[in-house]
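Generate coordinates for the entire structure from the input sequences, incorporating the hints supplied.
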Amino acid sequence: MESKRFDANGHPVEDTPNVGGQFWPAGRNGISRKRFLQLAAIAGSGLALGACGGDQQETAKAGPTGPPKRGGTLRIGLSTDVSEFEPHISTGAASNLIRIMVYSPLLTYDKRGELTGNLAEDFGWADDRTYEVKLREAVQFHNGDELTPEDVVYSFQRIKDPKTAADLSERLADVEKVEAGDGNVVRFRLKQPNAVLPYLLADPSSAIVSKKWIEGGAKPKTEVMGTGPFKFVERMPGVSVKLERNDNYFVPKLPYLDGIDIQPLAEDNARVNALRSGSVDFIDYVPYTAMDIIERSSDLVLKSDKVLGFGWMGFVVDKKPVDDQKVRQAFAYGMDREKMVQTAFSGHGVPISGGIIPEGWVGYSPDLEGTYEPDYDRAKKLLREAGLPSPSVDILSTSAYSVIARPAEAAQAELKNADINGKLVMQEWLTFLDTVEAGTYPVHVWGSTPDFNDPDFLSDYIGSDGWFAQYIKFKDEKIDELLLEGRRTVGAQEKRDEIYHDVQERMLDLAPWTLLIRREQGEAMKSYVGGYTHIPAGAWSMITLRETWLDK
Amino acid sequence: MSTYLIRRLIYLAFQALAVATVVFLLLRLVPGDPVRATLGQTATPEQVAEVRGQLGLDQPLIQQYGEWMGNLVRGDLGTAITSARPVSLDVGLRIGNTLELIVLSTVVALAVGIPLGVIAALRSNKVTDYALGSLAMLGLSLPSFVVGTVLLLIFALWLGWLPESRYVPWGESPLGHLRTVVLPVLTLAAPFAAVVMRMTRSSMLEVVRKDYVRTARAKGLGSWAITMRHALRNALAPVLSISGLEVVSLFGNTVLVEIIFSWPGLSSLLFDGVTQRDYPVVQGVVLVIAALVMLVNLIVDVAYGVLDPRIRNS
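One line per chain: the protein sequences are A and B, in this order.
Residue numbers in the first sequence follow this note's numbering, run continuously in steps of one, and reach 922 at the last position.
Residue numbers in the second sequence follow this note's numbering, run continuously in steps of one, and reach 360 at the last position.
Source of the hints: derived by calculation from the structure; they are not laboratory data.
All C-beta atoms in this analysis are idealised placements derived from N, C-alpha and C, irrespective of residue type, glycine included.
Part of the chain A face toward chain B, derived, beta carbon under 10 Å:
id	residue
1	Ser460
2	Thr534
3	Asp537
4	Pro634
5	Arg641
6	Ser649
7	Ala770
8	Glu798
9	Leu800
10	Asp821
See below:
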């Protein structure tokens with residue numbers, strides 16, 4: 371079913387399936403024109419490569435071709451065990467996977483990483499303070515009840531209820547009212563314009579739940595019931611989670627699989643070994659140490675991106691010696707990120723020398739690329755100007771995740787070239803989080819992914835109310851103004867491009883953090899697994915499991 | 047004997063209480079907030095406060111302790127913060143898996159370690175003895191994560207004889223389950239067998255020099271009968287003692303082994319609980335493991351008493 375969108379006046383727009391709509395013109399939403407043409411040419415030559423913004427990677431062994439086959443159970447080795455199923459709180463990759471397979475939000479991402487309809491048939495801005503969603507007809511919950519606009523209204527009331535402590539409650543603060551209209555329409559009335567709303571409606575944590583089911587006493591932390599492509603069967607803690615096909619899924623013919631059997635395999639080597647030996651068909655979070663092996667294997671396929679996962683060095687800006695902007699800039703110039711990609715990830719990543727917003731996204735600023743190319747002499751000069759020719763600094767990081775620890779080690783080694791003596795302090799994960807929050811050490815190395823594909827995710831990091839900005843005591847009125855303006859600008863792509871360009875430019879100058887590497891991250895599977903596309907869309911990376919099939 | 051047992055059981059209850067209290071307090075001293083771990087960094091302070099209130103974590107420590115102890119007396123280990131499941135439910139589901147590893151590892155270690163120890167003793171200072179001694183040193187010095195990974199590489203990946211980390215429940219496929227249990231059991235049994243072998247060897251060497259063995263030999267008994275009936279039986283007391291200690295240490299070793307082999311036992315539950323600061327889970331699992339360890343110690347002590355009346359009477 372093809373989705374529609376509305377223009378700023380609420381009229382349907384027929385030209386393109388680009389949703390998120392007017393603020394991303396055709397050909398720009400998640401993919402540059404040049405990139406699109408390149409990929410179209412590749413697709414035309416018979417390689418099944420999915421298109422997306424940024425560096426999406428797929429090995430030449432792209433899996434089976436031909437019409438999808440129905441049936442079979444996909445065995446997934448997952449990096450974490452599912453702890454609980456609360457639909458409106460994300461507790462990590464595993465629970466997100468279950469959530470997107472069993473529940474459905476109003477919108478989702480397509481194979482190109484662009485917003486598209488899910489429970490919503492039509493959607494878009496009626497005006498800059500009203501967002502309208504027309505629900506698909508006759509969508510059924512897994513218990514047979516029909517989805518109604520009241521369920522949608524109830525779901526958002528539940529998300530906004532402080533007792534739920536939902537992920538999105540704060541982000542939906544601009545939503546004054548969610549109301550059910552005639553003809554299966556739901557309206558989101560906003561206090562003020564908020565360009566991010568469509569992305570929030572596509573977040574796994576905005577899953578639509580059945581009002582009757584929840585009010586009937588269901589325990590959504592341990593029970594699961596939605597409208598998604600798969601139904602929950604059982605969870606054996608530490609052993610497996612079993613899902614079975616939803617025969618009444620609202621997208622005709624999908625899913626192709628009869629079921630999914632998820633097994634937690636937390637240890638990286640165990641997960642890769644299980645895939646290589648064939649005890650699972652699919653794994654997530656492929657460790658960079660195994661990527662080359664997988665790419666060399668004739669029966670394995672790696673699908674990944676170098677867009678989402680990014681690492682940084684953060685500075686507590688009121689703590690010596692990084693309270694001086696010149697010192698922070700010296701850190702930024704004092705690292706050869708290209709070398710760090712090799713040292714930390716054996717080449718599985720790309721250096722970030724400019725802005726954080728990747729190519730294809732709103733606000734991507736090619737002119738900022740290369741702002742912080744390695745320049746040790748300049749770094750030393752800046753340090754001298756700051757009166758700290760050879761500073762010794764404690765650098766906090768965590769040993770819990772190699773994707774964070776490895777760049778930290780590489781950064782420490784690199785900084786020596788600029789006469790910066792970093793002493794690494796490695797902590798266990800939750801201790802690390804506590805220590806960063808307390809601002810105990812002046813410098814830390816960390817990594818994460820944007821929560822959604824809109825540059826407003828930067829508000830969390832450098833907006834003065836953002837959780838990260840508060841950790842590093844960063845506050846800048848100009849950036850706050852720009853971020854607010856960007857959020858309030860609905861339907862003016864070029865203006866948003868400029869706004870986020872300015873945000874990044876100022877961010878690079880003030881340097882409350884310096885960006886390091888975009889790491890490669892993705893999934894690997896047996897070559898008989900077809901239909902899966904890795905989309906760089908955060909928690910939604912695995913939505914295409916609903917289109918996945920087995921050629922065996 | 048019954049007085050001795052009752053005394054030990056009362057002692058055990060007090061020990062368990064002490065362990066429970068120490069674990070409760072220690073956990074609160076460890077940095078890291080379980081609510082933050084559940085809600086993530088983006089949660090607002092108000093949301094964190096709300097959930098802390100829902101979980102009772104905003105109550106004074108003494109009140110939290112009192113409630114936990116009260117529930118404990120009623121046999122309730124509490125509810126996990128992250129999964130919202132009763133801790134006793136998950137402990138019940140997993141305890142069998144850990145005990146299976148421990149019991150099988152003990153059987154394998156004794157079945158391998160004792161005969162090899164006897165052989166080493168009988169061939170003392172010969173090539174066989176040196177070879178077995180070197181093997182034992184290898185088993186003792188290699189950490190379980192190395193043994194486990196090497197076994198996985200050889201038997202699962204290179205030879206393909208055994209499955210790697212995919213746990214198969216007994217109910218799903220008994221044969222599949224037995225195949226999955228082999229590698230973790232071998233990993234756990236390797237250092238245990240090495241200790242048993244070395245202890246059996248040294249104990250046997252000591253016993254075969256005793257007068258009653260010389261007498262038996264003088265009576266004209268065959269070497270098999272002397273070894274099995276007279277020497278080995280008496281040499282086993284220290285082996286039993288060290289085995290008790292080794293079984294206790296197996297509870298610790300299972301943590302790494304369960305992680306390497308993705309084995310859904312108590313130790314992996316504990317590991318997850320610690321990384322998430324899930325207080326009820328950690329408290330519950332540590333208490334259960336402590337009780338099991340104390341029980342093993344009790345069994346060993348009682349076995350001593352059965353074997354040696356002097357201990358029983360003292």
